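Those letters in the sequence shown? Residues -36 to -1, 1 to 442, per mature numbering (1 follows the signal peptide of the UniProt record, and there is no 0), in order.
There's no promise every hint is true.
Here are the simulated DSSO-like pairs of lysine-lysine, each with C-alpha atoms no more than 30 angstroms apart in a straight line [stated by the list, open to error]:
{"hint": "1", "residue 1": "Lys198", "residue 2": "Lys247"}
{"hint": "2", "residue 1": "Lys309", "residue 2": "Lys408"}
{"hint": "3", "residue 1": "Lys309", "residue 2": "Lys398"}
{"hint": "4", "residue 1": "Lys13", "residue 2": "Lys152"}
{"hint": "5", "residue 1": "Lys22", "residue 2": "Lys198"}
{"hint": "6", "residue 1": "Lys282", "residue 2": "Lys176"}
{"hint": "7", "residue 1": "Lys289", "residue 2": "Lys198"}
{"hint": "8", "residue 1": "Lys393", "residue 2": "Lys369"}
{"hint": "9", "residue 1": "Lys153", "residue 2": "Lys98"}
{"hint": "10", "residue 1": "Lys96", "residue 2": "Lys198"}
{"hint": "11", "residue 1": "Lys39", "residue 2": "Lys98"}
{"hint": "12", "residue 1": "Lys9", "residue 2": "Lys98"}
{"hint": "13", "residue 1": "Lys9", "residue 2": "Lys22"}
{"hint": "14", "residue 1": "Lys13", "residue 2": "Lys313"}
{"hint": "15", "residue 1": "Lys176", "residue 2": "Lys313"}
{"hint": "16", "residue 1": "Lys27", "residue 2": "Lys9"}
Hints are computed from structural coordinates only; laboratory data are not their basis.
Since the model is a prediction, treat every value here as computed from it, not as a measurement.
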Amino acid sequence: MLHRKSTKNNLMIKALAASVMTAAMVIPVATDNAQAAPVTKTTFKDVPKSHWAYESIKQVAEKGLVTGYEDGTYKPSAQVTRAEFATFLARVFDRNERATVSFNDVSNTHWAHEAIQEGLALGFIKAEDFSKNKFEPNKPMTRGEMSRWLANGLAHANADYGKAIEEMANSNLTLIPIPEFYKGGVDKKDLPYIGVALGTGLLSGYEDFTFKPNGNTTRAEVATILIRYMDTLKKVPSDFIGLQELREVANTGTNILTLTNFEKRRYSDTASWYRSTEKSAKKLNMSVEEYINMVYGEAFKLPVEGEAVGGFEDVLGKPYTLNNKRAVNTIERVIFVDTRGSQAKGIYKDMFFYTDQNPNSFNILNRNLYHVYSEYTTTPSQNTTLSSMYNGSVMGQVSSQVVNKVKVEQFGITSPRTTDGWYYEEVEKGVFKKITNDFFTKGKTVRYWAEQIESETTNDPISGRTDDGIRYYYEIIK
């Protein structure tokens, strides 16, 4: 656990003193020992009060985390370099630890040497992330790198953040809600760190929801990030619902327990169940074991008083044959978006939910409903449609709707184009042609997302089972 200074005043005094007594370490330089005159100003002539980041820049300058230039400017639109960001984070932590190893291109006289060595010692900078032992201090930070440094710093302060990183890094269920996840353009090794950055609110996507992992960050943007970072360091991972959702998905394939009021059903009065089962088996002249295998499946877990019936994590990737025999289906992930109120909630809302404001639309708000997005792998035994598979499933084990095409295009999500397998396409102005969609073709295995809704008020459970009897069962406890 990070041991912070005893008072905020002490931290501010030391930080300000450091900014006055040492060379300004926030400007990219061509030589190791080039320096700028110390600047103690907290307002800058190129950051007027009307600037969107004025308050953040003023605040971090007052805390001594950033400094300006000799000419009285801050250069808010300039890109932040590795050396600069190392300096910023080192000032946030303000620790005495220093690494014994160093980079080939950062000499002992480099203005950012001490900050970089502190970063290596604390672990927010990892030497193995850099090839040929070159730090390239003047290289602009990418958002992917920034996520990595920020998340590693949190892990130094609280080991549970490190556990969150490991959970997302080591799971094939991890789902990060950025278009680059499916479309590409992100190093998969960066995904856990981006997850922590998004889940804690340290970083966010752009208007088109892209994260732009290879994009850069300005000095103005960094000022706002540092403000958030200092606040985040005071909190634990469980304080962030978004991060908890990401962790639950990485561990279980769903965010149902974090985001919704559904709970796993637990067995009660198992003695009565066993008596009833014995009676039914006796009527058929069968042993209890034979009867259970016939009715529930060979993998059925015998009820134990107080234990959970089962969850999505128990059935992921396990086959379920539809009652109409049209396909064999497996559940891969189940993602919930809270649409009960006037605004959608949840870390995955922008990835999946789209409202067109049409009161008759499937994508509606304020109806005490959750929108549920399930990822399936399906192998049809004949040419079929999503609608036919939904009708042939028990208890909604196959979703009834396709994912909205806006989200399909934005995030690169795979989903059938229609529920019924056909649509009309305008081939020329005013002329439409009926197109048959062969998304579900006999013998062709396909992985896709589909959507359905679950009500919080009808008391309907969310349940299902696999071919071998493994079950999941969720309900809302009144």
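Each hint tested on the structure:
Only pairs whose Cα atoms come within 30 angstroms are accepted, and Lys198 paired with Lys247 is rejected, the gap being roughly 64 angstroms. For the proposed pair Lys309 and Lys408, the alpha carbon gap of about 36 angstroms is over 30 angstroms, so the pair is violated. Among the hinted pairs, Lys309 with Lys398 is inconsistent with the structure: their alpha-carbon atoms are about 37 angstroms apart, more than 30 angstroms. For a cut-off of 30 angstroms, the pair hint linking Lys13 to Lys152 is broken: about 40 angstroms separates their Cα positions.
Under the criterion of a C-alpha separation no larger than 30 angstroms, the hint pairing Lys22 with Lys198 is consistent with the structure, at around 21 angstroms. Restraint check: the Cα-Cα separation between Lys282 and Lys176 comes to about 35 angstroms, which exceeds 30 angstroms; the hinted pair is violated. Under the criterion of a C-alpha separation no larger than 30 angstroms, the hint pairing Lys289 with Lys198 is inconsistent with the structure, at around 54 angstroms. In summary, the hint linking Lys393 to Lys369 is supported, as the alpha carbons are separated by about 22 angstroms, within the 30 angstroms threshold.
Of the supplied pair hints, the one linking Lys153 and Lys98 holds, its CA atoms being roughly 20 angstroms apart against a limit of 30 angstroms. With a C-alpha separation of about 36 angstroms, the suggested pair Lys96 and Lys198 falls outside the 30 angstroms cut-off, and the hint is violated. For the hint pairing Lys39 with Lys98, the CA-to-CA distance comes to about 27 angstroms; that is within 30 angstroms, so the pair holds. For the suggested pair Lys9 and Lys98, the alpha carbons sit about 36 angstroms apart, so the restraint of at most 30 angstroms is broken.
For the hint linking Lys9 to Lys22, the alpha-carbon distance of about 12 angstroms falls within 30 angstroms, and the restraint holds. For the hint linking Lys13 to Lys313, the alpha-carbon distance of about 34 angstroms lies beyond 30 angstroms, and the restraint is violated. For the hint linking Lys176 to Lys313, the alpha-carbon distance of about 19 angstroms falls within 30 angstroms, and the restraint holds. Only pairs whose Cα atoms come within 30 angstroms are accepted, and Lys27 paired with Lys9 is accepted, the gap being roughly 19 angstroms.
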